[in-house]
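Chain by chain, the residues run as shown.
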Amino acid sequence: MTDDPRARAVLWPKGRLYEDFHVGQRFDHHWGRTILEGDTTLFTTLTLSFNPLYFNRAYAKAHGHPDIVVNPQLVFNVVLGLSVEDCSEIGGPFLGVFDLTYDRPVYPGTTITARSVTTEARISDSNPRNGIVTWRTEGFDEAGERVIGFRRSNLVRLRNPKGAA
Amino acid sequence: MGEISKLTGAHNYFEDFEVGAVIRHARGKTMTPLENVLITNMVMNTAQGHFNEHQMASSPFGGIIAFGGVNFSLVLGLACQDCCENALAELGLDNIRLSRPVTHGDTLYAYSEVLEKSNADQDDAGIVVFRHYGYNQRDEQIAQIDRRVLVKRKSHWGDR
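Keeping their order, the protein sequence lines are chains A and B. First residue of the first sequence? That's 1233 in the working numbering, and the numbers climb one at a time after it. First residue of the second sequence? That's 2 in the working numbering, and the numbers climb one at a time after it.
These aren't lab readings, by the way, just hints derived from the structure by calculation. Accuracy of the hints is not assured; some may be wrong.
Unchecked claim - Restricting the straight-line Cα-Cα distance to at most 20 Å, the calculated cross-link-like pairs of lysine to aspartate or glutamate (EDC-like) are:
| id | chain 1 | residue 1 | chain 2 | residue 2 |
| --- | --- | --- | --- | --- |
| 1 | B | Lys-7 | B | Asp-160 |
| 2 | A | Lys-1293 | B | Glu-86 |
| 3 | B | Lys-118 | A | Asp-1331 |
| 4 | A | Lys-1293 | B | Glu-54 |
| 5 | B | Lys-155 | B | Asp-124 |
| 6 | A | Lys-1394 | A | Asp-1252 |
| 7 | A | Lys-1293 | A | Glu-1269 |
| 8 | B | Lys-30 | B | Asp-124 |
| 9 | A | Lys-1293 | B | Asp-125 |
| 10 | B | Lys-7 | B | Asp-125 |
| 11 | A | Lys-1246 | B | Asp-124 |
| 12 | A | Lys-1293 | B | Asp-17 |
| 13 | B | Lys-7 | B | Glu-19 |
Claimed, not checked - In silico negatives: residues of chain A with every beta carbon more than 10 Å from chain B:
| id | residue |
| --- | --- |
| 14 | Thr-1234 |
| 15 | Pro-1237 |
| 16 | Val-1242 |
| 17 | Leu-1243 |
| 18 | Lys-1246 |
| 19 | Arg-1265 |
| 20 | Asp-1331 |
| 21 | Pro-1337 |
| 22 | Gly-1341 |
| 23 | Thr-1342 |
| 24 | Thr-1343 |
| 25 | Thr-1345 |
| 26 | Glu-1352 |
| 27 | Ile-1355 |
| 28 | Glu-1370 |
Stated by the list, open to error - Computed from the model, here is a short list of chain B residues facing chain A with C-beta under 7 Å:
| id | residue |
| --- | --- |
| 29 | Leu-8 |
| 30 | Val-44 |
| 31 | Met-45 |
| 32 | Gly-70 |
| 33 | Ser-74 |
| 34 | Cys-81 |
Ideal Cβ placement from N, Cα and C applies to all residues, glycine included.
The following block holds chain A by itself, in its conformation from the complex:
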């Protein structure tokens, strides 16, 4: 018996590898996130996204909005962020995003949840220790209205590559 608790520790691992994915698999991603006014204002100013709809409430109201408009790229990043543990935490780099639509404006105070469906999983031709996995991911507000949808692909490492020792 040791006094060092690390000697008795069991790792609770995170993330998935290539063999864990199959076409048609559905994920209701964890947590959700209420997007606050401070989140979108900080994101907008740090990324230099200079459209006053994103940081001037009077200007946004003069354009028919009830409040400042949440920067759509923050909506994307939150939805992608919520999907990472299920889809891409340990497998490999993010390759691309396609067919992304911003379906409606999002306002501060909105709670976003995300879900994905695996739409493609194949071994990379050029790099057979890795697969390429594609998901269709969507984000919803608390009323269940879709606010964003997109397709994205990642390189995902194989747990047991063919020919590996």
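Following the hints, put chain B in place on chain A, whose structure we already have.
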């Protein structure tokens, strides 16, 4: 100039964009932990390669790699004033390619090409598709993004 139009630029309405024109955006921005780690954590991206310097020191990259979502959001931001300051809405993105990793200390620059212009369902604005390109300080392309934007028409908004 009206109370609304005085707040934004006068030369980036729908009528001002010509298909085929390429804009070199004046400002660059250096990727630091302020952009990468703050935004990665704020959006709860749990991949520690974007925020664990100790783990990444022994990776082939030798340090933290910025989250691709931050890389292209910064490129879209660098292009925002010129292309989207007079936008009523950003409608969507497509063909996002992240061609090279970005590390803390890399400086990003942006260029935008006007790919398409079309009428919208409303009279006071039109749709512009931009292709935005991001480069690092070594002139290597790090990202490319197509963005569809609903941009105000000067004829309807220039004096409001």
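The hints, checked one at a time:
1. Lys-7(B) x Asp-160(B): holds, 8 Å
2. Lys-1293(A) x Glu-86(B): Given that 20 Å is the threshold and the Cα spacing comes to 16 Å, the pair holds.
3. Lys-118(B) x Asp-1331(A): Roughly 18 Å between the alpha carbons, so the hint for Lys-118(B) and Asp-1331(A) holds.
4. Lys-1293(A) x Glu-54(B): Given that 20 Å is the threshold and the Cα spacing comes to 43 Å, the pair is violated.
5. Lys-155(B) x Asp-124(B): With Cα atoms ~11 Å apart, Lys-155(B) and Asp-124(B) stay inside 20 Å; holds.
6. Lys-1394(A) x Asp-1252(A): holds, 16 Å
7. Lys-1293(A) x Glu-1269(A): holds, 15 Å
8. Lys-30(B) x Asp-124(B): Violated - the C-alpha atoms of Asp-124(B) and Lys-30(B) are around 36 Å apart, more than 20 Å.
9. Lys-1293(A) x Asp-125(B): holds, 17 Å
10. Lys-7(B) x Asp-125(B): Holds. Lys-7(B) to Asp-125(B) sits at ~18 Å (cutoff 20 Å).
11. Lys-1246(A) x Asp-124(B): It is violated: about 51 Å lies between the C-alpha atoms, which goes past 20 Å.
12. Lys-1293(A) x Asp-17(B): Between Lys-1293(A) and Asp-17(B) the Cα gap is close to 25 Å, so the pair fails against 20 Å, i.e. violated.
13. Lys-7(B) x Glu-19(B): Violated, because 23 Å separates the two Cα atoms, which is more than 20 Å.
14. Thr-1234: Thr-1234(A) is indeed farther than 10 Å from all Cβ atoms of chain B, at 24 Å.
15. Pro-1237: Correct as stated: the minimum Cβ-Cβ distance to chain B is 20 Å, above 10 Å.
16. Val-1242: Given a closest Cβ separation of 19 Å, the condition holds.
17. Leu-1243: Answer for Leu-1243(A): holds, closest chain B Cβ roughly 14 Å.
18. Lys-1246: Given a closest Cβ separation of 7 Å, the condition is violated.
19. Arg-1265: Violated: least Cβ distance 6 Å, not greater than 10 Å.
20. Asp-1331: violated, 6 Å
21. Pro-1337: violated, 7 Å
22. Gly-1341: Label holds. Min Cβ-Cβ 16 Å, cutoff 10 Å.
23. Thr-1342: For Thr-1342(A), whose nearest Cβ neighbour in chain B is about 14 Å away, the distance exceeds 10 Å, so it holds.
24. Thr-1343: holds, 13 Å
25. Thr-1345: holds, 12 Å
26. Glu-1352: holds, 17 Å
27. Ile-1355: holds, 21 Å
28. Glu-1370: At roughly 13 Å from the nearest Cβ of chain B, Glu-1370(A) sits farther out than 10 Å, so the non-interface label holds.
29. Leu-8: holds, 6 Å
30. Val-44: Because about 4 Å separates Val-44(B) from the closest Cβ in chain A, which is inside the 7 Å limit, the hint holds.
31. Met-45: holds, 4 Å
32. Gly-70: Holds - the Cβ of Gly-70(B) comes within 7 Å of chain A, reaching about 5 Å at its closest.
33. Ser-74: For Ser-74(B), the interface hint holds, since the closest Cβ of chain A sits about 4 Å away, which is under 7 Å.
34. Cys-81: holds, 4 Å
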